[in-house]
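Protein chains in written order, with our numbering: chain A, 1 to 115; chain B, 1 to 112.
Among the hints, erroneous ones may be present.
[Stated by the list, open to error] The calculated DSSO-like cross-link candidates involving lysine-lysine, where the alpha carbons are at most 30 Å apart (straight line), are:
| hint | chain 1 | residue 1 | chain 2 | residue 2 |
| --- | --- | --- | --- | --- |
| 1 | A | Lys3 | A | Lys38 |
| 2 | A | Lys70 | A | Lys38 |
| 3 | B | Lys57 | B | Lys9 |
| 4 | A | Lys70 | A | Lys3 |
| 5 | B | Lys9 | A | Lys38 |
| 6 | A | Lys16 | A | Lys38 |
| 7 | B | Lys57 | A | Lys3 |
| 8 | B | Lys57 | A | Lys70 |
| 9 | B | Lys57 | A | Lys38 |
To be clear, the hints were calculated from the coordinates, so they are not data collected in a lab. None of these values were measured; they are calculated from a predicted model.
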Amino acid sequence: AQKVTQAQTEISVVEKEDVTLDCVYETRDTTYYLFWYKQPPSGELVFLIRRNSFDEQNEISGRYSWNFQKSTSSFNFTITASQVVDSAVYFCALRLSGGSYIPTFGRGTSLIVHP
Amino acid sequence: DSGVTQTPKHLITATGQRVTLRCSPRSGDLSVYWYQQSLDQGLQFLIQYYNGEERAKGNILERFSAQQFPDLHSELNLSSLELGDSALYFCASSASQGYGYTFGSGTRLTVV
Numbered sequence: 001a002q003k004v005t006q007a008q009t010e011i012s013v014v015e016k017e018d019v020t021l022d023c024v025y026e027t028r029d030t031t032y033y034l035f036w037y038k039q040p041p042s043g044e045l046v047f048l049i050r051r052n053s054f055d056e057q058n059e060i061s062g063r064y065s066w067n068f069q070k071s072t073s074s075f076n077f078t079i080t081a082s083q084v085v086d087s088a089v090y091f092c093a094l095r096l097s098g099g100s101y102i103p104t105f106g107r108g109t110s111l112i113v114h115p
Numbered sequence: 001d002s003g004v005t006q007t008p009k010h011l012i013t014a015t016g017q018r019v020t021l022r023c024s025p026r027s028g029d030l031s032v033y034w035y036q037q038s039l040d041q042g043l044q045f046l047i048q049y050y051n052g053e054e055r056a057k058g059n060i061l062e063r064f065s066a067q068q069f070p071d072l073h074s075e076l077n078l079s080s081l082e083l084g085d086s087a088l089y090f091c092a093s094s095a096s097q098g099y100g101y102t103f104g105s106g107t108r109l110t111v112v
């Protein structure tokens, strides 16, 4: 069975600080997909990124970057120069390539960015 | 707007009652997934439908049921409601077998 662990329950930073949200996953499969979602205070879940297990290239999108390392089963998310609007709960998820295709979510990390 | 529509946005009801939550998937998406998000349990997968057929079941209570109609919209029925059923219920859709998931804005259910 697959598992996603987001050990950081809550992170508090001051605006303009860089922050990294950790995600560690467990699976015996060699082919899988990893996701990050953002849940702002308004409640909706917003898709941020999808990465398949064969693509270990890091990705950067504006102030967001993702570091995927199969060797440590981690898919960490870094926000550079954080802003108050980044305050949200961030979820990491894992979906296997076969089977039921149901993504398993971590418990989420609540990020609070203070002005 | 994600393209996935959930109604109602908020629902307050009494214990023992029955409610129906509705989800319209993004245009062209055949799969619908239901999740329950509560403070102590995180995001829990309930059930998946693909093109009208039940495809996978998670930790869904027997008091809960769902269906997907020919027009692909889905309904989640919650009956004999208990205080512990208070949660945010999300619907997500995907075009194929889970290459990407688009979530609706959720229905916040409060059981009093």
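A quick look at each hint next to the structure:
no.	hint	result
1	A:Lys3 / A:Lys38	holds, 19 Å
2	A:Lys70 / A:Lys38	holds, 23 Å
3	B:Lys57 / B:Lys9	holds, 24 Å
4	A:Lys70 / A:Lys3	holds, 15 Å
5	B:Lys9 / A:Lys38	holds, 19 Å
6	A:Lys16 / A:Lys38	holds, 19 Å
7	B:Lys57 / A:Lys3	holds, 17 Å
8	B:Lys57 / A:Lys70	holds, 29 Å
9	B:Lys57 / A:Lys38	holds, 25 Å
In summary, this structure violates none of the numbered hints.
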